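Peer 1: Spelled out, the chains give:
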Amino acid sequence: MFRNDYDTDVTTFSPAGRIHQVEYAIAAVKQGSACVALKSEDYAVLACVMRKESELGSHQEKLFKVDDHMGIGISGLIADGRVLCKYLRTECLSHKFVFEAPIQVGRLVKQLSDKSQKFTQKMEKRPYGVGLLVIGYDATGAHVYETVPSGNYFEYIAQAMGKRSQSARTYLEKYFKEFKSMELGNLIEHALKSLKGASEVPLTKANCAVAYVGKNTPFTILADEKIAPYMSMVEDDKKEDAKQEAKDEE
Amino acid sequence: GCLFRSQAATAFPCAMDELRAASMEAKQAPRSRTTQPIVTGASVLAITYKDGVMMMADTLASYGSMARFKSVQRITKINGGSMIGASGEYSDFQCIKEILEDLTDEEFDIDDGATMDAKQIHSYLSRTMYNARTKVQPFYNQVVVAGYKDGGYLGAVDMYGSTYKENIVATGYGMYLALPLLRKGWRADLTEKEARELLEKSMTVLFYRDCRAINKYNVAKVTKAGVEISKPYSLPTQWSYKRFVNPHLSE
Numbered sequence: 001m002f003r004n005d006y007d008t009d010v011t012t013f014s015p016a017g018r019i020h021q022v023e024y025a026i027a028a029v030k031q032g033s034a035c036v037a038l039k040s041e042d043y044a045v046l047a048c049v050m051r052k053e054s055e056l057g058s059h060q061e062k063l064f065k066v067d068d069h070m071g072i073g074i075s076g077l078i079a080d081g082r083v084l085c086k087y088l089r090t091e092c093l094s095h096k097f098v099f100e101a102p103i104q105v106g107r108l109v110k111q112l113s114d115k116s117q118k119f120t121q122k123m124e125k126r127p128y129g130v131g132l133l134v135i136g137y138d139a140t141g142a143h144v145y146e147t148v149p150s151g152n153y154f155e156y157i158a159q160a161m162g163k164r165s166q167s168a169r170t171y172l173e174k175y176f177k178e179f180k181s182m183e184l185g186n187l188i189e190h191a192l193k194s195l196k197g198a199s200e201v202p203l204t205k206a207n208c209a210v211a212y213v214g215k216n217t218p219f220t221i222l223a224d225e226k227i228a229p230y231m232s233m234v235e236d237d238k239k240e241d242a243k244q245e246a247k248d249e250e
Numbered sequence: 001g002c003l004f005r006s007q008a009a010t011a012f013p014c015a016m017d018e019l020r021a022a023s024m025e026a027k028q029a030p031r032s033r034t035t036q037p038i039v040t041g042a043s044v045l046a047i048t049y050k051d052g053v054m055m056m057a058d059t060l061a062s063y064g065s066m067a068r069f070k071s072v073q074r075i076t077k078i079n080g081g082s083m084i085g086a087s088g089e090y091s092d093f094q095c096i097k098e099i100l101e102d103l104t105d106e107e108f109d110i111d112d113g114a115t116m117d118a119k120q121i122h123s124y125l126s127r128t129m130y131n132a133r134t135k136v137q138p139f140y141n142q143v144v145v146a147g148y149k150d151g152g153y154l155g156a157v158d159m160y161g162s163t164y165k166e167n168i169v170a171t172g173y174g175m176y177l178a179l180p181l182l183r184k185g186w187r188a189d190l191t192e193k194e195a196r197e198l199l200e201k202s203m204t205v206l207f208y209r210d211c212r213a214i215n216k217y218n219v220a221k222v223t224k225a226g227v228e229i230s231k232p233y234s235l236p237t238q239w240s241y242k243r244f245v246n247p248h249l250s251e
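Protein chains in written order, with my numbering: chain A, 1 to 250; chain B, 1 to 251.
FYI, nobody ran anything at the bench for these hints, they're computed from the structure. It cannot be assumed that every hint is accurate.
Subject to a maximum C-alpha distance of 20 angstroms in a straight line, what follows is the list of computed SDA-like cross-link-like pairs (lysine to any residue) [unchecked claim]:
hint : chain 1 : residue 1 : chain 2 : residue 2
1    : A       : Lys-196   : A       : Asn-186
2    : A       : Lys-96    : B       : Tyr-130
3    : A       : Lys-215   : B       : Tyr-130
4    : A       : Lys-96    : B       : Asp-117
5    : A       : Lys-196   : A       : Met-233
6    : A       : Lys-205   : A       : Glu-173
Note that the structure is a prediction, hence the values are computed from the model and not measured.
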């Protein structure tokens, strides 16, 4: 991808005013398998596709609990993601110790983004090659944030990242107006359905995971047997798709 | 020693020698820190009542036994829903005020709709005071933290970093003289007027009995509407008891 003379260092601007190394880091996030997040007034939901390196291996864990009221889904360099997860967990614990209260999600995301920004301005370090979707519930309600290697962050009603995330985003754009007062079960259904298009293989209980957090609801991850009951939501769709295809062929 | 000294002069050490000796001694002695308060405030009393929490303190900062600064405010607002009052070293109270003001300013800048409540301020303060005590450089205070968020919150921190939450809090001599009176007169559903009367009664007793008190007070309340600290005012006192006027009265 050696496009030009200005992409060797993260401390070099291109004449067009871009820092290519940061953009390459963002591209690394786009290579990761998909992650989606969406929220209602009281709940936020995360869902991800978990890739498998080989038939013999296990699926890549991508959803992590950060605190009782907060968790993340990662896309990109998973090792970088684990380092950031550890940082977030430490900060949450530290805040709880000093203030006896859970940290405001947005404030911690901002802290993390400021940390990420530093590495876009150093000679000796590279940017983190991972994007996070942070879901949480705090004093100001449910939240979904996205962080990127450039140090930017935004809050969303719904967002998707990683490979083929555009199809997930298109799905979410269709339904997001209904999310505000939606029940948790329906939110999970939409999360899985939006993920369907972003996955190269059919979704099964083994290769996808869902997490949720909200009012009086600590962060919980559903995987394997725990997510099995929800898979029918995605499968039914497939059956209907198959029926539709059969009809079309007739 | 001095540059020009005759042998006779060694019998009379010059001032520089003494200073030098003292400095050397200090370097070899263990480091000691501030362990006694100099300018001090007396009691702070506080109780929860129907609408929130009420706090009262006099406006004196004493210099030992001297009533040095007579118009000092020992209760301060922290943010929309919390206030603190302190007894003990007044400069440490000022320092704590600044520390908490910095926290509040930071939160103001973040501007995300969430603000610290009294419980969080209480916890932060207790960690701050414990850390200072661990370095044997304590904030020489007893601090009362009061606030309102879905109900009144009242607690205290001392110079060691110990904390507790209670419906009735008193510091300094108030712990001995006022607490029994407050406990006797307290109910969960006290009206504002009743709460104020209870506090005023106790403060008057403290004025009679505590040598480091004066008859000039701030009363403060925190309710759903926020923090309100009164202007200084005085309470009526009674000095014409016969036995006070003449202790040697035979009856």
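Peer 1: It remains to establish, for every hint, whether it holds in the given structure.
Peer 2: Comparing the hints with the structure gives:
Between Lys-196 of chain A and Asn-186 of chain A the CA atoms are separated by roughly 15 angstroms; this keeps the pair inside 20 angstroms, and the hint holds. With a C-alpha separation of about 16 angstroms, the suggested pairing of Lys-96 of chain A with Tyr-130 of chain B holds against the 20 angstroms cut-off. At roughly 33 angstroms between alpha-carbon atoms, Lys-215 of chain A and Tyr-130 of chain B are farther apart than 20 angstroms, so this suggested pair is violated. Distance hint between Lys-96 of chain A and Asp-117 of chain B is fulfilled; the C-alpha atoms sit about 14 angstroms from each other, no more than 20 angstroms.
Distance hint between Lys-196 of chain A and Met-233 of chain A is fulfilled; the C-alpha atoms sit about 11 angstroms from each other, no more than 20 angstroms. About 25 angstroms separates the Cα atoms of Lys-205 of chain A and Glu-173 of chain A, which puts this hinted pair outside 20 angstroms; it is violated.
Checked against the numbered hints given earlier, this structure breaks hints 3 and 6; the rest are met.
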